[in-house]
Structures are given as structure tokens and as C-alpha cells.
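**Q** Given next are the chains, with one letter for each unit.
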Amino acid sequence: MPLTDLKSVPEPVVHTAELVARLDEVFESGFGRLSSANLQTLASLAASFAGTPLAEPLDAAIAGLGRSEFVDRHFAAIAAARAAAHGAMHDALVAQACAALSRPRPELEALADTPGQAAPPRAAVLLESVRQWLMELAIAGFANLEVGALLPFQATLDAIMAEPALVRHAALLSGFLDELLTVFPAHGKPEVPRLRWVDLWTRSMVLSLAPPAPAATREVKGELRVFATDLRQHDHVVSLVAFGALHEPGKPPRVVRTCVSAFKVDVLQGEDFAGLLGEVGGKLLEAIAGGQGVKISGMLLQATGDLLWQEARAEVLPAKLKLAEEAAAVLASPTALRPSARPEDRHPALIEELVWLPGDGYSAAGKEVRELSLKGESFAVASERWPSSDDLLPADVAGSKGLVALLRFDGGRWSLQPVMIDKGKPLPRLVGTSLQAARAKARGGNLGTLKERAGKLLRKKS
Amino acid sequence: MIRPRVLPRPRKVQKVPFVELYAGRLQGVVSSGSDEERVYVSYFEAGTGNFYCSTNNNRPCGGLRGSPCKHLVELLNEGVLQYGPARVIAYLGLQQAEPDKVRAGGELLRFIKGGPHKVEAGMVFSRFLTYLQYVSVAPTGVPLPDMAWFVR
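Chains V and H, in that order, are what the protein sequence lines are.
Using the numbering used here, the first residue of the first sequence is number 60, and each one after it goes up by one.
Using the numbering used here, the first residue of the second sequence is number -11, and each one after it goes up by one.
For reference, chain H alone in the conformation it holds in the complex (with noise of 0.2 Å):
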């Protein structure tokens, strides 16, 4: 049976509205500090530890100078809060890293001994797009037996 994690705090959604373990990469949506409207398209790569922050229209953040900047270090915090340190340790292959020490996300950008990569923001952003489709969907009141088999 496979629970849900109980998460040490809540998820900053209004801040990191979406974050997974996705096709080799832990990659996510941060939102912008100073503009409600721009929102921040980051990733860190598993195996190379090469890492990206753009705007969904492709243009590099600003903070990005050759280490992770400050958007990457939230991604890394909300990811680990909501996979749990020993999944993402796993995931991006960071052997040095020891998931019982870890308290917060932050804490594994040691590890990561990659540089700025660019991909194209595309790719991730309609990740998140594909996300939201789950809370757009029209609720249903029929019945759902094969939901027997996903019990909390």
C-alpha cells in the first residue's frame, strides 16, 4: 500500500505551485517574487547535476550566475518536503548525501555538483499545465469501484 507522505509543514503552493520527480529531472514552477504574473520555470537534472531557471517565455533568470539561484533553492525545499529527503537523494543520484542528516531542501545544493543547462521551458511548463487539467476535471457522483484499491 502505498500512503501518502506525512509532510513535516505544509506546501508553499502560493510559492512553488508545482514540483515533481519527472523524466530525469526534479523540475517545477516557482512564482515570481516581485510579479504576480511571471511565474519561474526550474530544474535540476538527475546524474550531470545540471540545473536551469528561466521564465516561461524562455528568458534566464536574473539570479542564476553560474550557481543555483534563489527560485532553485525553493524548488529543491518543496521537493523535498513533498517526496521526502531519501526520494530525491535517489532520484538526481547524489551518493554523498545522507537522507536521515537532511532537514530542508537547501541542504543538498552542496551535492549538486553540476552547472546552468539550458532546456527549453516548454517542456516543463506544459508538465504544469497538465497538472492543473486535474483540478479543471468536473467532479462525478458515479460510482468508482476500482477506487477499492486506493485506501489511506
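Isolated chain V, as found in the complex (with noise of 0.2 Å):
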């Protein structure tokens, strides 16, 4: 299985990055000023898709940006063929994994259309105000962009937040519109991390092509035992992923993932997250800390092998479980039915896969652990993913029996990720242990400072 063998990185994959780094220069530089180069880029890209259903409109877009017009679909166009490309190489590096690891592909669980709620009228509406400010960022350049240009999308962005049904929209919105903030304005040219900057564009103007339809669900039934997280946050909203095995009657354990979230402020951070989530997923905080299996009734799976988070369905069991043997188990040869990104979400940065090492497997090179040695080879950890948080540390990986992490793609290598540390103890380390003890002290804390001013403020506003 050598996890070794992802030294190198499939030629398709390379020539593809080049592809949308040259088409990223012209969003540096902006769509209303494109040079003879920038055109080229353009028609190269065009040419990469010829013969594909993307050829017809991707050639009006280019056509059209040469004259000029800027309209939204021609954006549009150009955000799905950036979109498609990582969705190649997406497709392209987990089939790489998945060869190294012998493991089958992961896929969708096919699921009959569940009815469920459309978004309402206004989301339309407000979805096309944010394709409209998304083209303004194209049009003047991610170098050009001046602080004045991006304040008004503020209060669009507020309506979005006061909207349910375009939560993952807020998420992401307000995610990137804190870090232009962040960089503008700055004195001089400040430097613009443009591959990630036209990443978050990207997904924003595709997220934003059509409200968002209802996902196809089943209802599940059984444990739920979570063996291994990962925090994601940026300023205004934390998530915390967890990874568990999932047993339903009568079928072989499965790997899922569940996700709670919160909205938040810059001063809220660590024991403060405990609050915030506790509010959503305190019985999976609960579960997480005591290293306790959740009996789930009713709560609904996606396709993704996204379990969607219900406090009223599940219930804490009493039982101390031996995570780490339960991962090593549900990991040695995990079934095609595991998480896995929706086909228009496909990007390298979303790839997770998995993988169990048992503490024979790897040892620790140096204190700040930057790389793992498998047996006798070098690979590189993903140590800028590492949390700031003291559940799980670097130090935690020296002497430790096993550990489960993501392998993930990022920078143009592959790394591992350790989500969750054996050390032998009845609990392994992993994030969020530390949040169920918090959530009684952060009561009285920051959050809830806040929460009584906007308690107070907010009601005298409306």
C-alpha cells in the first residue's frame, strides 16, 4: 500500500495547475485590462476544453470579455471552467491515493431524490448581487482592488447572514471578505495570494450560479463512534469536522463525517468555541470528550457520506469505547461508501482520505514534527493545518501507538494531516476534547458579553 508511492504527482495534474495559474495572472491584473498575454491565456484555456459541453459558452465568455462586455454569465463561464479543471485534478490525485492506498474510489451512496425545502425568492435576488460584486473584483484586479470597492458588499453579505437556507454562502463570503478587508489597504502593492484568492472567487461565483436545491438524505439509525476531528475557522465562523464509524443494523461499519458550525466574532477563540458549538452539537462534544459512542435515530445522511447534525436525534451512550481500535478496524480496507466531495465541490484542497498507521508504521523527525519517516522514508506532514490547540499537539506524535490522519494535497505535494494520536491511554488525543469542560465556564465569558449586548441592541434597532 506504500503511502510512498505519492512522491510524485501525476503529469495531467501539473500541466492543469499550470493552466489555471496562468488563467489566475489575468484576475491579478483584472478583466478590464487584458493584455495580448492574457488573451492567450484565455484561448489556451478555451482550446483545453474544445469538444466538451463547456466549449459553447467558454468561447462566447472569451469572445465577449475581449469586447469588453462584462456580463455575468461570461464570468460565469470562466468560473466553471477554472472549477472543472480542479475537478480534473481532483479526480485525478484521489484515484492516484486510492491506487497507493489499495482502497476502492470513494463514491456517492445513490439516493433517491428527497423532497424537501427550495430556497425562497429572495435568495435568487441576493445570489445575484454577489455574482455582480464578484465580477467588479474580476473586472478591477485582485492588485487594483481599493477598499471603497469592497465596503458596500458588506450589507448584501448582512442579508446573506440573515438567510438560512445560503448558510454555506455566508460561510465562505464572509470568510473571504474579512481577508481582502484584511490586506486593503495597504501601503504600496500588497502581495496577493492569488492562487487561493481566485480559489475563493471561484467557489464563490459557482456556489452563487442558482440557489441552492435540497440534497438528496436518508434517515439513519445506529452509533455513531467519532475516532478523529479537524477545526476550520476563520474570523466570523468556526467548524468542527468529525470522522467516525457508523454502525447500522445489519450493515458492515462505514466511515462518515459530521459538521457543526457557528457564526462568530475575531475575539472569540478557543474555550469561546465551546459555547458557540455546544449550542448545536453539545451531545457530539459530550461524545468526543468522554470517548463515548452517539445512538443516532432518524438523523439524515447525504450522498457525501455527510451526516447532517441533529441534538434531538442522538443520544450519548454510556460506554467508554477503544477508538483507536475502532479506527484501525473501520480504516484497514474502508468500503467505497465514505466521505467524498459532491462532483461540483471537486478541488485538490478538499481532499481527505483516511488512513490508519499503527505505531510500527512511522516515527517522528524532530520536535515540530514537519515530517513523518515510514518506514525509513521521508513524508511530509501538513503542519500548517496543525490547530492551534492544545488537544492535539506535534509533541504528541513521539511515542504515540497509532494515529489516524487525512492525506491531503496542498502546495503542490502530499501530506498528512494527524487528526487523532493513540497514546495509549483509554482517550486518544484529538481536537475538542478540552470544548464539553469549557462550555460550563464559557457562560459567563466573552460570548456571553456579547450575546447580552446583542440581545439588548439588536431589539432596540428593530
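There may be inaccurate statements among the hints.
Stated by the list, open to error - With a Cα cut of at most 16 Å, we get these calculated EDC-like pairs of lysine to aspartate or glutamate:
1) V:K484 to V:D450
2) V:K354 to V:E374
3) V:K515 to H:E24
4) H:K0 to V:D325
5) V:K342 to V:E282
6) V:K482 to V:E511
7) V:K434 to V:D64
8) V:K66 to V:E430
9) V:K482 to V:D404
10) V:K510 to H:D88
11) V:K484 to V:E385
12) H:K3 to V:D455
13) V:K460 to V:E511
14) V:K354 to V:E307
15) V:K515 to H:E25
As the list claims (entries may be wrong) - Label pairs and their calculated CB-CB ranges:
16) H:P(-4) to V:A496: 20 to 30 Å
17) V:A496 to H:R91: 27 to 37 Å
18) V:A208 to H:T36: 20 to 30 Å
19) H:K3 to V:E427: 46 to 56 Å
These aren't lab readings, by the way, just hints derived from the structure by calculation.
It should be emphasised that the depicted structure is a prediction, and the values quoted were computed from it without experimental measurement.
Backbone N, C-alpha and C define an ideal beta-carbon position, used for all residues, glycine too.
Build the complex: two chains, separate frames, hints provided.
**A** Written out as C-alpha cells, the structure is:
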């Protein structure tokens, strides 16, 4: 199974990354001032989509943009092409990873369409405003942005945050706007994180092309045993992602993913997360802190292996589990039904293949653990993803009895992100184990102060 | 990757519930020392170094007599804590100040050359309400795959 087969990257992935990098130069200088080199880049983008369903809209978009026709369908075509390029890279990389790990590629579970609530009409208008703003960014170019062009979007974002059907948009766009406002205004030419910002631009555009349709789901019953977690955050959102084995009666256990998130402000950090996340996933935090299973009755599972967390359908079970054994068993040869991404979401940054490394299969290199030695061969650790939390530290790797890691692809190379470390004690090391204990303390803290102010002032306003 | 700063001490949210660098100002809301119901809206303007402090009903702060009042000092302290001296100095355009030597925000006062200059408190106050809106949005159990871009 050697992970060390992942030293090189498939050639088509490298070529596609180069094409995307050239396209991103256009986003930096702006579609409002296309140079002849930019036009050539756009032409080669169009050429690589010849014969695909995107060819016609892309040709029309590039011809139109060349005549300075700034309409949103042209930018939609560019965004779709860029997203498709990353989707193809994602698929090729997942194939490479699964071959190295000797496991089937993840598949979407076939689910019948479930009738759900469609987004309200207001959502369509808000998404049109998003597309308009994104178009303005692309015309100006990231290198030429001015704070005055960014500020008015805050009002649109406020309205998006008030619309529950657009929660994914709110999380993405608040992070993106924040980051732009952090960098601008700057003195002189700020350094533009080009790939990252065009990624965020593209995702925002693709996500805003049409109001979100309800995803297909099925009800599940059984027991969830969470064995690994990951924390994601920007100034305005915190997300705790949990991976676990789902035991459904009469079926082999499978890996699922569940995620609880809350909106927040910059001062809310660390222990404040307990209060924020406890509100939506208190039982999940309790189970993680105690290393216990959760009885699930009627929670909804999506085709991507995402369990939609609902407190009312969860019950924490008393027995303490052997989580390292649980992880080792379910990750030894995982089924094709495991967490994956929807086709329109596929991007190398979303690859997270869970792997179990037994204690005799690796050793830590150096104190900061920037690399793991896998039977003598070094393999990069995704150090930049190590969360700022005492629950899981690089120092935990040394002398551990086994670990769960997410296999990631970032910066043009494969790396491992440890998400659970077995120290031979009943409770393994994973992010979020301290949150349950912090929940009681969090009540009087910063979150409490701000909620109290919000209660008084926002009521007064309306 | 943009990471949060590890703050030298926790922010005093009870005292200064809101501080931000926005629209060319270091601005925020400071609680009154004497009256729980009252808040002051304070700001320093980039470039000019002008400042002001008033209640959210636009009554000027009594402590503002040609030089910054204690609310403005608290705002500056918390601003430097939240964003770090380098960012505040660059944002306000205080060319003379040396970020490495700044221990507390108050030390930047001597580089601020402007005087009291009134702006409508409502502009800053509505930003505070926007800020508070974030803690009022319901948390969610739906997947947010785009958060994969925001890791720390």
C-alpha cells in the first residue's frame, strides 16, 4: 500500500495546475485590461475545453470579454471552467491516492431525491448581488482593489447571513471579504495570495449561480463512534468536523463525517468555541470528550457521507470505546461509501482520505514533526493545518501507538495531517476533547458579554 | 494562510466590546465606566490623526478636551492588542512609530497629531450592530466544505 508511492504527482495534474496559474494572472491584473498575453491564456483555456459542454459558453465568454462585454454569464463560464479544471485534478489525485492505499475510490451513495424546501425567492436576488460583486472584483483585478469597492458588499452579506438557506454562502463570503479587508487598504502593492483568492472567487461564483437545491438524504439509525476531528475557522465562523464509524444494524460499519459550525466574531477564540458549538452539537462534544458512542435515531445522511447533525436525534451512550481499535478496524480496508465531495465541489483542497498508521509504521522526525518517517522514507506532515489547540500537539506524535491522519494535497505535494493520536491511554488525543469541560466556563465569558449586548441593542434597533 | 494572532493578553470585551480597522479609521465602542447602559463610540482617523469620542446618542464625551480621552486610550490599547502594533501603525499612517518598541497601544498617542473632529456616531455604531449580528446567527449542522480553505 505504500504511501511513499505518492512522491510524484501525475503529469496531467501538473499541466492543469500550470493552466490554472496562468488564468489566475488574469484575475490579478483584471479582466478590465486584458493584455495580449492574457488573451492568449484565455484562448488556451478555451482550447483545453474543446469538445466539452463548456466549449460553447467559454468561447462566447472569451470573445465577449475581449470586447469588454462585462456580463455575469461570461464570468460564470470562466468560473465553471476553472472549477472543472480543479475537479479533474481532484479526480486524478484521488485515483492516485486510492491506488497507493489499495482501496476503492470513494463513491456517492445512490439516494432517491428527497423532497425538501427550496430556497426562498429572496435568495435568487441576493445571489445575483453576489455575482455582481464578484464580477467587479474580476474586472478590477485583485492587484488593483480599493477598500471603497469592497465595503458596500457588507450590506449584501448581512442580508445573506439572515437567510438560513444561504448559510454556506455566508460562511464562505464572510471569510473571503474578511481576508480582502485585512489586506486592503495597504501601503504600496500588497502581496496577493493569487491561487487562494481566485479559488475563493471561483467557489463563490459557482455556489452563487443558482439558489441551492435541497440535497438527497436518507434517515439512518445506529451508533456513531467518532475517532477523529478537525477544526476550521476564520474570524466569523468556526467549524468542528468529526469523522467516525457508523454502525447501522445489519450493515458493515462505514466511515461518515459530521460537522457543527457557528458564526462568531474575532475576539471569540479557544474556549469560547465551546459555548458556540455546544449550542448546536453539545452531545457531539460530550461524546468526543468522553470517548463514547452516540446512538443515532433518524439523522439524515447525504450521498457524500455527511451526517447532518441534529441534537434531538442523538443520545450519548455510557460505554467508553476503544477508539484507536475502532479507527484501525474501519480504516483497514474502507468501503467505497465514505466521505467524499459532490462533483461541483471537487477541488484538490477538499481531498481528505483517512488513513490509519499503526505505531510500528512511522516515527516522528524532529520536535516540530514537519515530516514522518514511514519505514525509513520521509513523508511531509501538513504542519500548516495543525490547529492551535492543546488537545492535539505535534509533540504527541513521539512515542504514540498509532495515529489517524487525513491524506491531503496542498502546495503541489501530498502530506499527512494527523487528526487523532493514540497514546495508549483510554482517550486518544484529538481536537475538541477539552471543549465539553469549557462549556460551563464559557457562559460568563466574552460570548456571554457579546450575546447580552446583542440581545439589548439588536432588539432596540428593530 | 492567515492565522489569528496569539494575543499577549485576552481582550477586555467587557470594557471594549468592539474594535476594528475599517474605512480608514481605528474605531470601536467603549463601555462607560460609571453607567452600565451607556457606551461611547470612539475613533482615530488614518492620515489626519483626527479623533472623536461621543455617546451613541451623539453627545460629546466630557473627557475630550483637545486631547484624546480615556475611552480613546482604551480603544487604542485594545486595537493594538487585537491587530498588533505593526498593523495599527501602518493603517493609521504613523510613520514615526516603531512597531517593535510598542508595548501598549497608549504609547502611540504621541504620534497622533490630529485634533477632535466630529463624525456621526451612528456610522460606527451601525458597524457594531453588524458585528453583533454574527453572534446572533443560528449555528448549523450542515456541511460547510468551503471551510477547507480556512484552517489553523
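**Q** Please write out, lowest number first, the hints stated earlier that are contradicted by the structure.
**A** Hints 6, 9, 10, 12, 13, 19 not satisfied by this model.
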